[in-house]
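**Student:** Keeping the supplied structure of chain A fixed, place chain B upon it in accordance with the hints.
Protein chains: 2
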Amino acid sequence: MSILVVGSVAFDSVETPFGKADEVLGGSATYFSTSASYFTNVKLVAVVGEDFPDAHITGLKGRGIDIEGLKKVPGKTFRWKGRYDFDLNQAHTLETHLNVFSSFNPEIPESYKDSPFVFLANIDPELQMKVLEQVNKPKFVACDTMNFWIGGKPDALRKLLKHVDLFVINEGEAREFAGEASLVKAAKKILNGGPRILIVKRGEYGALMFHGGSVFSAPAYPLEDIFDPTGAGDTFAGGLMGYLANTGDVSEANIRRAIIFGSVMASFNVEAFSLQRLNTLDLTEIKNRYSEFKRLTHFEDI
Amino acid sequence: MSILVVGSVAFDSVETPFGKADEVLGGSATYFSTSASYFTNVKLVAVVGEDFPDAHITGLKGRGIDIEGLKKVPGKTFRWKGRYDFDLNQAHTLETHLNVFSSFNPEIPESYKDSPFVFLANIDPELQMKVLEQVNKPKFVACDTMNFWIGGKPDALRKLLKHVDLFVINEGEAREFAGEASLVKAAKKILNGGPRILIVKRGEYGALMFHGGSVFSAPAYPLEDIFDPTGAGDTFAGGLMGYLANTGDVSEANIRRAIIFGSVMASFNVEAFSLQRLNTLDLTEIKNRYSEFKRLTHFEDI
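Taken in sequence, the protein lines are chains A and B. Position 32 of the first sequence, counting from 1, maps to 32 under the working numbering, and the rest follow consecutively. Position 59 of the second sequence, counting from 1, maps to 361 under the working numbering, and the rest follow consecutively.
Where hints are given, some of them may not hold.
Cβ-Cβ distance ranges computed for the label pairs, FRET-style [claimed, not checked]:
hint : chain 1 : residue 1 : chain 2 : residue 2 : range
1    : B       : GLY514    : A       : LYS76     : 50 to 56 Å
2    : A       : ALA91     : B       : ASN581    : 44 to 50 Å
3    : B       : LYS596    : A       : SER102    : 47 to 53 Å
4    : A       : THR284    : B       : SER516    : 18 to 24 Å
Hint data in this document are derived by calculation from the structure and do not stem from the laboratory. Since this is a predicted model, take the numbers as computed values, not measurements. Each residue gets a CB set at the ideal place from its N, CA and C atoms; glycine is no exception.
So here's chain A without its partners, still in its complex pose (with noise of 0.2 Å):
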């Protein structure tokens, strides 16, 4: 089944302890759409500049992403600048120009409208609903938020969330929005707003994922070295959406693999500055680094 994606494309200049990467591509959809393509059909909708070369778009065609939702308007595409230091978990924002990004519009092209599964990337909670009034009823949505929305506009976010199956938030994040100390009294305040499942992010301490009375931790893989954390949470949500999409099943021991999947793009996608790594792996790689993650929290019943 296909994935419908609404996110950003952007031009990264990032730093961290290990080199430095300028005006790389970049963007929540960018990496949410090449992690989901190693296992669906992905449609993608977005907008850049018109210094937006034409080799980006002949490279996401190549990993036979649908490119008719993404526009070339007037103006410059999307610019951010960060910096990550020894503490990868944290990324310092040196310059946001959102450009051609400020006056997004999303509209979905006719035949994206039919896409079973749905994932709106981290954009304004008004859009995200904007874009739900524009598809057939889809099997499954999923979304992001950032808090910036969480603190300025908490009532669109609240409204959204009913109509969405899956929330994927980080874990400063989640507390936050529930305006709770605990974890685990957060996730639930959180499902009892709307969505049926919730995967709270931890960076380099993996996910947990809460659904119902039932609670899911998954570990990330220890890398020896991160070297770009940039883009790690939208890899992560491309490879669980791409997965689920793949099998079409959306039961809760399927989102448990789907998780696992996603850990595994992200893994390879922190090895490597923009989408370098990610635009190189091959099924193969995916399957023995998923067998890795059995073999990483294997234990024995007693």
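**Tutor:** This is chain B only, laid out in the frame that chain A set:
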């Protein structure tokens, strides 16, 4: 098989967001012994002052703990006072009165010297070494330490580690000791220095075991409220070593099981002040929570 433990017995005064406790029983050897006593025979070596009440001694005996090595000497018992804010991973020490503990020089009773399992709780690494010199070729030795000794006696610690099978340490301390920001690199460096196995404690994020080329990631149990984290690390070590000694099996597969038992015991301990919860457990509760850890981490093969 039995375990010899050397460490502190103390009175703790603790404040958390959930309440406070004054001069309650604490100390590394107390938490360790009580936790391990659910699995095997424990032989305790520690020192207390004349103010240490018989009721506490009766309590330890009631858990089957051998207290021949618990010395009562003139002076006052070790006292620690601390506070936890909402970040329960971080203890703020308000007062430390070593009292009789400042001249602690552990003497191992004859009847303890053949203990096949030895746990050296967090004390001066020179004293930890002196303990090892008094025992007869134990099958398995584990030790803990803290930043105070990493900074103050790194050479004594390095010497000790050559005689230790398992080193248990906090995440930040592992990085500090190895001088490496990457935990995976820090682990490799530490394992090169002697111990066969390294377990890194990560508080509410669980634990990581490094053993040869293998890594095991264990989650923490997601509790609604962590009432008081004091003693969680020693309770973890007690469950871990207790299960290893009970089974006499130090294979990697069994150490993975033991880490889960350690995590189970720690998850109970933090539900109440002092040893309140640890003293009222039964084996069925322990086994049930082990099964919950299974469900918490389970995902199927692809």
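**Student:** All hints are to be evaluated individually against the structure, with a verdict given for each.
**Tutor:** Here's how the hints hold up against the structure:
| no. | hint | in the structure |
| --- | --- | --- |
| 1 | B:GLY514 to A:LYS76: 50 to 56 Å | holds, 52 Å |
| 2 | A:ALA91 to B:ASN581: 44 to 50 Å | holds, 45 Å |
| 3 | B:LYS596 to A:SER102: 47 to 53 Å | holds, 49 Å |
| 4 | A:THR284 to B:SER516: 18 to 24 Å | holds, 22 Å |
Hint violations for this structure: none, all hints satisfied.
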